[in-house]
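These protein sequence lines map, in sequence, to chains F and D.
Each residue of the first sequence is one higher than the one before, counting from -12 in our numbering.
Each residue of the second sequence is one higher than the one before, counting from 6 in our numbering.
Treat the hints as calculated values from the structure; they're not laboratory data.
Given the structure is predicted, the values throughout are model-derived calculations rather than measurements.
Some hints here could point you the wrong way.
DSSO-like, lysine-lysine: derived pairs with alpha carbons at most 30 Å apart [to be verified]:
1) D:K251 <-> F:K303
2) F:K313 <-> F:K245
3) D:K43 <-> F:K40
4) D:K43 <-> F:K303
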Amino acid sequence: MDAFKRISLFGIVTMAELTYREALNQALREEMRRDSRVFIIGEEVAYYQGTYKVTQNLLAEFGEQRVVDTPIAEEGIVGTAIGAAMTGLRPVAELMTVNFSLLAMDMIVNHAAKIRLMFNAQVDVPMVIRMPQSAGNQLGAQHSQLFEAYFMHCPGLRVVLPATPADAKGLLKTAIRDNNPVIFLENQSLYSIKGDVPAGEYLLPLGKANVIREGEEITLISYSKMVHECLAAAEELAKDNISAEVIDLRCLNPLDKKTIFDSVKKTRFAIVVNEAWYTGSAGAEIASLINENCFEYLDAPVKRISAYDIPMPYNKNLEQAVLPHKDDIEKVAKRLLMGEELWLKR
Amino acid sequence: MKDLQGFYEKDKLLNFYRQMYLLRNFEEVAANMYLKGKIGGFTHLYIGQEATGVGAIAALFDKDYVVSAYREHGHALAKGISAKAVMAELFGKQTGCSGGMGGSMHLFDKNVNFMGGYAIVGGSIPIAVGIGFAINYREEELVCACFFGDGAINEGAFNEGLNMAKLYNLPILFICENNLYGMGTGVVRASSVSEIYKRACGFNMPSKAINGMDVIEVYEEILLAVKAIRRGGGPHFIEARTYRFKPHSMADPDRYRTISEIEMWRERDPIEYFSRRLTEQGIADADELKQIKESVEVEVQEAVEFAEQSPEPEWTHLKELVYSE
Ligand SMILES: Cc1ncc(C[n+]2csc(CCOP(=O)(O)OP(=O)(O)O)c2C)c(N)n1
Ligand SMILES: [Mg+2]
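Isolated chain F (complex conformation):
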């Protein structure tokens, strides 16, 4: 957290320990106070105080006009946000979980992402779609998915995935001020984690990755929840005197390629980790970028760790077996550094 405890022009930035959920709530509140065009729209965001309580108490402060409950109508929610954004408001839409974004995919991909170019930049679509994603809670195949790769694939969208409470605040505030449609993917399993969060105005630029742990011998690249698995793996590797660098990408679009490449050029080994399926994942994209740009620096192929390409089973053991864990990262890192031959003889 040292990075945040820097001295500002006004003195020391004050910190408060907040949960990821509270940090998001604070960002929403501050932006709504700051800009009367910002409003929230979604299922159960107002009277219910948010399915995951991210919009808690916002109705009380801002009223029904700015914290708008909707029917269960994802396409309607996103469409409403788009139209409002095109005509001067700054909507923050909440979809209850990413799984339901599929019902709004037409509005997101065919409309929000296209409008600016298609109409020769006569309008912007400044909106945020917040939604949690994750797996591992035995919610079954239809409720345990991660879709960042779908959104990353589509030009015209920004894709943001905070891993820590401070990032949640700093990135959400920036996302709301951004003039593009921003897909803001929270992680259900992170809502209750705690961390120091700078008070007041705290903005993180989109597209600036965070080297969250410095190291020399191997680079672990990830985002969202998997950052924590990478940090835990790095901790284990350190016990065996292996120094791993951990990069939290924070955003997939814009993607901070420079931070990735600089690190890989230094360590010469890279593993990309995502919680989503293997094939066509964000990790696949990043691995291929590393291959294209850092090939001569690499001492081994870039490895990818992900969930298996399997719709999520409900059974707890099988679900855990489908998902990637810190042990997988640790094992793959050692195998990579040791070399295949030595690993097999070990």
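Please arrange chain D with the ligands on chain F, whose structure you already have, making use of the hints.
Chain D with the ligands alone, transformed into the frame defined by chain F:
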């Protein structure tokens, strides 16, 4: 209160009673198992709505199809999936009706034509259209009953599905279980037309609101609708007015309803109401009903034991499930 004597065979009435109590007791026990950590996920209870599921499914042929949403334990049991197979599914076991792959929201049993619980609101509606299409295609005299909640009527899938069902004159019975809330949002805050059955009128579909707390009314109304469908009358729509006594899911703090509202509906408990009718009209005495309850409780206990003792599904097996050979 309508006189039941002379209109129904006693066995049939006692079977309604037994089934409703099975749904109730099964879920009370399942809720306990959830709290003990034996069951994961969300787990949405049907308690309070039993008369609708039991009455409606009793009016179907065994071979008729049923599709439902994620609050489907009751529909699955009423359609004839055994308590053992449903409980084992909630436990995530290989012997569950979906082999431990689906869980509470995804029950399925091809043997009884229970074609699945779906956890995407509105998802069951277009699927029912496809099943209705196949029934017509094969010129069968079957019906597909499609259950969904009051929240689902505001999804695009509802509009597309109902329109196509009517356009192709498909044998589908749409049953909207209006329990007044979609999660924490009351129907009046979610639908521009709060009398839900009227939403179907725009598709030129016969449509009616019924008392979903009365198993006999549900049975009779659905029987009429299903007969009309079998005669080629095309899709019908029933809004069953009911109430869930429990929170939306095991994770819901349930702060959006008043205690007095819940109490008022609990006084209309479909099982107690029906048992009063049975005893007051001299169809069954308290002892008989007690015996039925006891036999249900034994069945549910056996289901728990079965689920506990069943094996977990295997990883090797999992990979074979993704694609068909
Ligand atoms: C497309 C979609 N959006 C949102 C949800 C989250 N969700 C699950 S149940 C539910 C409420 C549905 O209410 P209703 O249709 O009335 O059924 P009930 O729960 O009352 O049986 C919501 C919003 C979902 N599962 N799918
Ligand atoms: Mg409802």
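Compare the distance between the alpha carbons of K43 (chain D) and K303 (chain F) with 30 Å, and conclude whether the hinted pair is satisfied.
-> Distance of about 10 Å is within 30 Å: holds.
When you check the alpha-carbon spacing of K251 (chain D) and K303 (chain F), does it fall within 30 Å?
-> Distance of about 25 Å is within 30 Å: holds.
Straight-line Cα separation of K313 (chain F) and K245 (chain F) no greater than 30 Å?
-> Given that 30 Å is the threshold and the Cα spacing comes to 25 Å, the pair holds.
Straight-line alpha-carbon gap K43 (chain D) to K40 (chain F), limit 30 Å = Status holds; Cα separation ~26 Å.
Hint compliance for this structure: every hint is met.
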